[in-house]
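Protein chains: 2
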Amino acid sequence: MLPLKNDTFIRALLKQPVDRTPVWMMRQAGRYLPEYRQIREQAGSFLNLCTNPELACEVTLQPLRRFNFDAAILFSDILTIPDAMGLGLYFTEGEGPKFKKPVCNAADVEQLPIPDPCVALRYVVDAVSLIRKNLQGSVPLIGFSGSPWTLATYMVEGGSSKSFQKVKGLMYEQPAVMHLMLDKLAQAVAAYLNAQIEAGAQAVMLFDTWGGMLSSEDYVEFSLYYAKQVRALLKTEVDGQRIPTILFTKGGGLWLETMADAGYDALGLDWQTDIHHARARVGHKVALQGNMDPVSLYARPEIIIEKVKTVLDKYGSGSGHVFNLGHGILPDINPDHVKAMVDAVHQYSPTYHHD
Amino acid sequence: MLPLKNDTFIRALLKQPVDRTPVWMMRQAGRYLPEYRQIREQAGSFLNLCTNPELACEVTLQPLRRFNFDAAILFSDILTIPDAMGLGLYFTEGEGPKFKKPVCNAADVEQLPIPDPCVALRYVVDAVSLIRKNLQGSVPLIGFSGSPWTLATYMVEGGSSKSFQKVKGLMYEQPAVMHLMLDKLAQAVAAYLNAQIEAGAQAVMLFDTWGGMLSSEDYVEFSLYYAKQVRALLKTEVDGQRIPTILFTKGGGLWLETMADAGYDALGLDWQTDIHHARARVGHKVALQGNMDPVSLYARPEIIIEKVKTVLDKYGSGSGHVFNLGHGILPDINPDHVKAMVDAVHQYSPTYHHD
Numbered sequence: 044m045l046p047l048k049n050d051t052f053i054r055a056l057l058k059q060p061v062d063r064t065p066v067w068m069m070r071q072a073g074r075y076l077p078e079y080r081q082i083r084e085q086a087g088s089f090l091n092l093c094t095n096p097e098l099a100c101e102v103t104l105q106p107l108r109r110f111n112f113d114a115a116i117l118f119s120d121i122l123t124i125p126d127a128m129g130l131g132l133y134f135t136e137g138e139g140p141k142f143k144k145p146v147c148n149a150a151d152v153e154q155l156p157i158p159d160p161c162v163a164l165r166y167v168v169d170a171v172s173l174i175r176k177n178l179q180g181s182v183p184l185i186g187f188s189g190s191p192w193t194l195a196t197y198m199v200e201g202g203s204s205k206s207f208q209k210v211k212g213l214m215y216e217q218p219a220v221m222h223l224m225l226d227k228l229a230q231a232v233a234a235y236l237n238a239q240i241e242a243g244a245q246a247v248m249l250f251d252t253w254g255g256m257l258s259s260e261d262y263v264e265f266s267l268y269y270a271k272q273v274r275a276l277l278k279t280e281v282d283g284q285r286i287p288t289i290l291f292t293k294g295g296g297l298w299l300e301t302m303a304d305a306g307y308d309a310l311g312l313d314w315q316t317d318i319h320h321a322r323a324r325v326g327h328k329v330a331l332q333g334n335m336d337p338v339s340l341y342a343r344p345e346i347i348i349e350k351v352k353t354v355l356d357k358y359g360s361g362s363g364h365v366f367n368l369g370h371g372i373l374p375d376i377n378p379d380h381v382k383a384m385v386d387a388v389h390q391y392s393p394t395y396h397h398d
Numbered sequence: 044m045l046p047l048k049n050d051t052f053i054r055a056l057l058k059q060p061v062d063r064t065p066v067w068m069m070r071q072a073g074r075y076l077p078e079y080r081q082i083r084e085q086a087g088s089f090l091n092l093c094t095n096p097e098l099a100c101e102v103t104l105q106p107l108r109r110f111n112f113d114a115a116i117l118f119s120d121i122l123t124i125p126d127a128m129g130l131g132l133y134f135t136e137g138e139g140p141k142f143k144k145p146v147c148n149a150a151d152v153e154q155l156p157i158p159d160p161c162v163a164l165r166y167v168v169d170a171v172s173l174i175r176k177n178l179q180g181s182v183p184l185i186g187f188s189g190s191p192w193t194l195a196t197y198m199v200e201g202g203s204s205k206s207f208q209k210v211k212g213l214m215y216e217q218p219a220v221m222h223l224m225l226d227k228l229a230q231a232v233a234a235y236l237n238a239q240i241e242a243g244a245q246a247v248m249l250f251d252t253w254g255g256m257l258s259s260e261d262y263v264e265f266s267l268y269y270a271k272q273v274r275a276l277l278k279t280e281v282d283g284q285r286i287p288t289i290l291f292t293k294g295g296g297l298w299l300e301t302m303a304d305a306g307y308d309a310l311g312l313d314w315q316t317d318i319h320h321a322r323a324r325v326g327h328k329v330a331l332q333g334n335m336d337p338v339s340l341y342a343r344p345e346i347i348i349e350k351v352k353t354v355l356d357k358y359g360s361g362s363g364h365v366f367n368l369g370h371g372i373l374p375d376i377n378p379d380h381v382k383a384m385v386d387a388v389h390q391y392s393p394t395y396h397h398d
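Read top to bottom, the protein sequences are chains A and B. Take the first sequence: its letters are residues 44 to 398, numbered as in my numbering. Take the second sequence: its letters are residues 44 to 398, numbered as in my numbering.
One should not assume that every hint holds.
No copy is singled out in the list; a pair is fine if it fits within one copy or between any two copies.
Derived SDA-like pairs: lysine to any residue, alpha-carbon spacing no greater than 20 angstroms straight-line [to be verified]: (1) Lys209 x Pro374; (2) Lys357 x Glu300; (3) Lys205 x Gly255; (4) Lys382 x Arg343; (5) Lys144 x Leu90; (6) Lys48 x Val281; (7) Lys350 x Gly255; (8) Lys176 x Asn95; (9) Lys143 x Leu213.
Read the hints as simulated data drawn from the structure, not as lab findings.
Throw the hints in and build the complete structure from the sequences for me.
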């Protein structure tokens, strides 16, 4: 493998000195790009796009041809693991992901297999290898997975949810069954991320999209506990290179102190969390990634530049910051606005990295 | 007016000693009650129900006949003010509230009137008088309004929203226009709440349902600033009786310290916020209201009772706690489960109020 030409992202996650703040964007490979929509149409369906390593590689690389991002992120779906467990993932127009066989009871949980990622998720592992090869060491590649709790919400609800009635019902009524399910998911997620690391992922991120729907005590017991378990099972080094890890709980701003003790190198921040306060609370333990409001990308470029400056200024001087949005980019953002954001990070951040 | 037979709710908001923790429930008059659904059907539409003082009074009183709630809350809609401003509120099945004439630009904002509540919102004022009379001093009556920011989101979006693209667009692109709109709304909200107080409301609550969608700095500038302005304009006493005020920002757990300085007597907490930590952070300044996860009411009564005990125990000893859910009750909850919650608060809370 070629050495990294741009390792700013990795260095920032490890809080090593950098010349400028690295930047990438959640969902940077996606619908806001016309070239993505073209490949998506060619693939016929979203799932075809995810399961075809060549197409997944192509859409992963697309945003890097337009913007000076400091990292690539594997293009894939968050629900590949439950699909590999046999739940039958499918997509309906306008309603998001669904499962043909949701998890309904203790028997369903007991029967859940822990999939071998090199078999059932071969298409993801192959995509990672192909992307890593095609990146030619330009920037690092991020692997990712949904968190055990977030995967469990979709598996029990049978798809997206507003109130999380079914999964919380299982959690309240049969906590032991819920714990068994989360334990299996933690093992599956760790194996999946390790397979991505072995195939070439140079950092990994755990997306806990729905951890923020829990009460504080339920978050610790049912989400964070299993994020820790995943972390404990991860490979930490490949060929002498440390593989940094990022934990992102949307709506988790209240719990940063406990999250910072979960063993991850960095925490992702949503846009509601003040990054200045977050750094004061946990910045001695972890790097921080985020956190511009994704909706601000609708505004004029001059305003976007001001918002970038605000986030940089709030984090302040020194390493340990990866610039990102506070959640994924929205599908109808003008790509020129993304360029304004990325260029502004590169233009205005060096001043925060002088001695 | 008759003196209050049960003033526990008022006393707890003012942090005066009480024998037990008072309890009420957001959306306690609502669809989970079969007797509500019957009146709702009789009214023909949700708006007919809101605009008819006799029917609004009847549904306000319904939950008090079933459960030992320590307060009644006016039955009304959150969007009565924008409707009175001429935006034309209507409801579509399954899509929630909509406006015929949403606010699109600076000219629309300039033309917005500040409605006289005793004219344009007479039906609400009349409902308050009627409910207060019918309560016969049994428990206090809570008046309420949406916060200026929350009302503005619906007015600019034209209804509910997921990303708040239009209202945040206006906020980012034309902050002065947004401030003019919020200033008008603050005056309208204060006049509306004062009219409710004059008609008999014994406490008032400001619902900032969508403040939590803002970044920390935008929350302070565009939501909290106007909540403070409302508070400064409110009547604080009627006939020597103090009228306590409650501020509830859903998703505002990160900002409790600044919220506690806004002049309100109490803060509402959503279920994600740990009430023990919240008390340690702000409990010397304000009372706290909340915060059981509304979804836990789906669980068996034995589990509900455990959840009640947890919330009571987390708040701990002494006055300053009003038990509530962390958000409104969901429409398909079994009323027997509500009874289990209310009775458990009354049964288990006295131990926290001994000297």
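Verification of the supplied hints:
Only between protomers do Lys209 and Pro374 lie at most 20 angstroms apart by alpha-carbon distance; the minimum there is 15 angstroms, versus 29 angstroms within a single protomer. Proximity of Lys357 and Glu300 under a CA criterion of 20 angstroms is satisfied in both settings, with 19 angstroms inside one chain copy and 19 angstroms between copies. Proximity of Lys205 and Gly255 under a CA criterion of 20 angstroms is satisfied in both settings, with 12 angstroms inside one chain copy and 16 angstroms between copies. For the identical chains of this complex, Lys382 and Arg343 are intra-copy neighbours only, at 12 angstroms inside a copy versus 53 angstroms across copies, given an alpha-carbon limit of 20 angstroms.
Proximity of Lys144 and Leu90 under a CA criterion of 20 angstroms is satisfied intra-copy only: 17 angstroms inside one chain copy versus 40 angstroms between copies. Proximity of Lys48 to Val281 under the C-alpha cut-off of 20 angstroms is restricted to the intra-copy arrangement: shortest distance 17 angstroms within a copy versus 71 angstroms between copies. Taking CA atoms no more than 20 angstroms apart as the test, Lys350 paired with Gly255 passes between copies only; the shortest distance there is 19 angstroms, against 25 angstroms inside one copy. Taking the closest pair of Cα atoms, Lys176 and Asn95 come within 20 angstroms of each other only inside a single copy of the chain (16 angstroms); across copies the shortest separation is 69 angstroms, beyond that limit.
In the homo-oligomer, the alpha carbons of Lys143 and Leu213 lie at most 20 angstroms apart inside one protomer (19 angstroms), although the nearest pairing across protomers, at 42 angstroms, exceeds that limit.
Hint compliance for this structure: no hint is broken.
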